[in-house]
Amino acid sequence: MNTSAAGLSHPKEEARHATVAVTDLFREHHLELVRLALVMVGDQETAEDVVQDAFERLYLGWNRLREPSNALVYARSSVINGCRSVMRRSAVARKHAPKLAVTSGTGAAGTGSADDDHADLADALQLLPRRQREVLVLRYYADLDVAEVAATLRIAPSAVRSTCTRGLAALARVLGEDRG
Amino acid sequence: MTDIEERLRHDLKKRAERARPGSIRPLRVPSASRRSRARYRLASARRSRAARALAPAAAMVAVIAIIAGVWMAGQPGGERPAAAGSSAGIPKYYVTLKTALRGKNPAPGVLAGVGPGRVTAVVRDSLTGAFLGSVLIERVPRGKSLSTRATWITAAANDRVFAIGVPGDVYILRLRSDGQVAGVSPLPAAVSKAMSGSLYPVLLSPAGTELAFTNVTERQLLVVTLATGAVRSWKARPYFVNAVQWPDTGNKILIVLNNLNGQPGQPPAQFRLLDVGGTGGHVLADSRLVYSSPFKDGYNLSEPVMTPNGDLLFLAHSVYTRGGVQTTACRVVEFSPGARRLLRVLYKAHAPSKAVGYFPPCGVVSVGPTGLNLLIEDFGYGTGFGRLDGSRITALPGWANDASPQAAW
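If you're matching them up, the sequences are chains H and F in order. For the first sequence, the numbering used here assigns the number 1 to the initial residue and increments by one for each residue that follows. For the second sequence, the numbering used here assigns the number 181 to the initial residue and increments by one for each residue that follows.
Only chain F is shown next, with the shape it has when bound in the complex (with noise of 0.2 Å):
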């Protein structure tokens, strides 16, 4: 290379290098342009009549759409997100377990039945549908009775790896890269043992190598290293402990302090960020408080996810609404606890409801690994899984409704 090339290279490199990353602004919406940005482009423009009635509306669009992309796609925790329905950022895979029986639908999205049957895992591609893989997880003997309510399917932040249980035995789902079932092994039996009696949801690190469930009787919760064995227990007593969510953000965890005993001077409920990374002790030692009120407004609480920047929470609600006929609501709200001020209903959908005090399935089933997309069922009021798109729910596409369902991404 000779001389003059070295000094175009050096130079033409350092005259880039002005412009830096946190100084180039954000795609924009055409609106909101310079007078500059509007000059440029009706001077560059040369798109027939019918085009460029439609250019503004169009652009307006693909920037927006692009805009909710990267900043779901790209930002990290800290930043107020956008809001959840691009397909963009939304995890690669989703994993449903098809439940085999002869059975019946005893409620919306619930199968019971005896086998001889199957529990598989079916791996989709959460974007096209497109069956990636199938696996089985369990044979269901000839006169075992089954009921779905007793299978739960949950997945780490990295969309690799996935818990699934079945009554009596949990097993790990791991994925290779391009979504391919890499292999499903069952918990040993030691940590089989331990999570008996333990509360849905059971949780799955970040990274997929942990597990995190509660012990309703114990009333502690307890971290389990899945290569290892190790267990690390944290105590709850006098309160009932819950854990909800363990978002992308490392070694915390969500929680839901619940004050069934009725201790003195106690909000009913306390959401809290629990530090898992220590060896264990008392979950409120190890803890901080996130959001301790109540709604009262007649909203039952259930289902909270936070958002990668921990300051919102999704919260599904299920409702009665009285009058005339007996329905039943389902609501899932954006909600601020530094605010603590209800923010907006991201998804609201009715159902009449045939027996008092019956609730379809409603709520938000998995956080996707940037917290911003929500899978979320509607069992009894709708299509069932699907993602939350705008202010409704779009069925997740391959997914066949055949009332077994479980899924996770």
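Chain H extracted, bound-state conformation (with noise of 0.2 Å):
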């Protein structure tokens, strides 16, 4: 009897322990996730998708983590990830899209704000390859040092060093060309 109470006891500590860090990190890195999404796939509503998967996916996986004081690494690489795919199925959708007329300033440069001068710079990191776009945006908005970008996108930190190099090079042309 004793036996069985403590077998049963077990998974409740254990999912006690995961509701509690999940809710923690949760709280703390919420809206810095989001925000991390919505740079990636540049739409609030489907950043907070992919925040919410993300969560769902760190709370049951809870007990597999390794090391569960790297919860937030494992978040921003799930959230990542999760940009990955909406934007690999959104490149999907467009190539098959119907090509409809367009008017002028309502496309994708449109979506910056009007009073926002370098909006340009932002949306130019979309015409990116996808791995210099991330190690941009986790290097320069998430401000994270190359070790910790490294071990977010599972990539060595020459790998990161060299790509944000590239990626800055290629930023730098990209603007260049829609200026001259």
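No lab work stands behind these hints, which were simulated from the structure alone. Watch out, some of these pointers could steer you wrong.
One side of the interface only, derived from the structure: several residues of chain H facing chain F at Cβ under 8 Å [claimed, not checked]: (1) 44; (2) 141; (3) 144; (4) 171; (5) 174; (6) 176.
On a predicted model such as this, the values are computed, not experimentally measured, just so you know. Quick reminder that beta carbons are idealized off the backbone N, C-alpha and C, glycines included.
Starting from two chains that each stand alone, build the complex the way the hints lay out.
Below, the structure written as structure tokens:
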């Protein structure tokens, strides 16, 4: 009887810990992660969906985390992966969408706010390859250092540095072409 | 940093700030998602068939748990609280009084005996039950009698300061942020003297800096500043006053005014929020009415507590149910003073009673800082101390049913 009781209490304790830990993480980093996703996908509703999915996965897989103290890194990776999926699908959707006449000023560039003189740089980011975009966002928006970006994207630090350099150069080229 | 790096940082920050804290939807149950969300999930899922079958239910449980936790832990007053029961947001520590005597148990949850013995406070982690420390509160000399009915413990809303009463003395137990005992000190003699004749419960202010209690004979409520010993008092005549709860809302104490003398035109009991920020006076002048009507369906009103939004009371009731066998019943109910109606029964237990009129202890013992986690006792009914978890009591982890219980968080 005692054994049975002990056996039942263990998973409950784990569930409690998971709830508390994910709740704390959510409370402290929800906004930050939504904003990260927003910068990546450009649409707040989709960003919220991505983050919701990330938290669901994190909660369900909490007991499988090798290092629960790194939960934020896992959550951030999960958000980035979710953003990748969204962008992959939207690329496919764009490819197969019927070609409609686009009124001047309503295209992608028009999503920037009218009061933002520099919105072109954030928009230009969307033209970069996925890896470069992710590295630049994590480096310059999330303010992660090279090691943290590497951990989030699961790539080598040297790859982060080189991708960042190439991304900035590509961004400069894109801007230069646009202005030229 | 180059110009383009600076501009990129600025632009991304500006883009991100379009998502403002108030504009973000809370986490939600997947089934309530919009179609875009459903499409997203369908396309992104790469799960096994079994996992796919289980995912909706598991995700629903997960999101509900997270939402409940976030609401409990993070919502300020004014929001309707989630149901009691989530472990999120519960106080980190709980303290029990362990009384060791040579005695017997005259009633459920009561130990009575004689010294030599000791009263010890034990600190445990609320989630894991892990032992964090213990400290001797008082030695009971040989031959001196003591009943745990006469001991009590109450917690400040900050979960770091506890007041402990044993016959003739009151002690303040302070915890460090990691739950270790920082120290125990007796109250100044003047404060202890002022407390003679007081009626339990004694309340601690949310920050643990003041004590509130009632002087039954003088029919007044007193508030003592622990650091200085300064006393402020509020008279209550012609009523009898009882301090019930010091919610985590600053200077307001939930009190009950009992109309035991039958003042004409007045209800038998008034629940009022007393502002103790001033220098003292009369309770009617410094308080506002919360609820004044007794239940009419046979409930005995006892041990009310208030949720942070001030709208709801959790009430513990003990009632007789007559028929064949004499039984007693304990109910913890949620009641809306605004709507003047019972919202729901949170907990219900029955116990046969051998003596007519005997009520096994049952009630809300302590409320977590958020007001949403109830520590309740049901000695004689079930497990003893526990957290209200859904509709049942989950025993506090690590708590030993040693028949000398007093607990607070």
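Hint check, residue 44 of chain H versus chain F [nearest Cβ-Cβ separation less than 8 Å]: Constraint on residue 44 of chain H satisfied, holds at 5 Å.
Residue 174 of chain H as an interface hint toward chain F, with CB separation required under 8 Å: Hint on residue 174 of chain H: violated, closest Cβ of chain F at ~11 Å, above 8 Å.
Closest C-beta approach of residue 144 of chain H to chain F relative to 8 Å, hint status: Nearest chain F Cβ about 12 Å off; hint violated.
Cut-off 8 Å, beta-carbon criterion: hint that residue 176 of chain H touches chain F: Violated - the Cβ of residue 176 of chain H stays beyond 8 Å from chain F, reaching only about 10 Å at its closest.
Interface hint outcome for residue 141 of chain H [beta carbon to chain F under 8 Å]: Because about 4 Å separates residue 141 of chain H from the closest Cβ in chain F, which is inside the 8 Å limit, the hint holds.
Residue hint residue 171 of chain H, partner chain F, criterion CB-CB below 8 Å: With Cβ-Cβ at 6 Å, under 8 Å, it holds.
Hint check: violations occur at hints 3, 5, 6; the rest are consistent with the structure.
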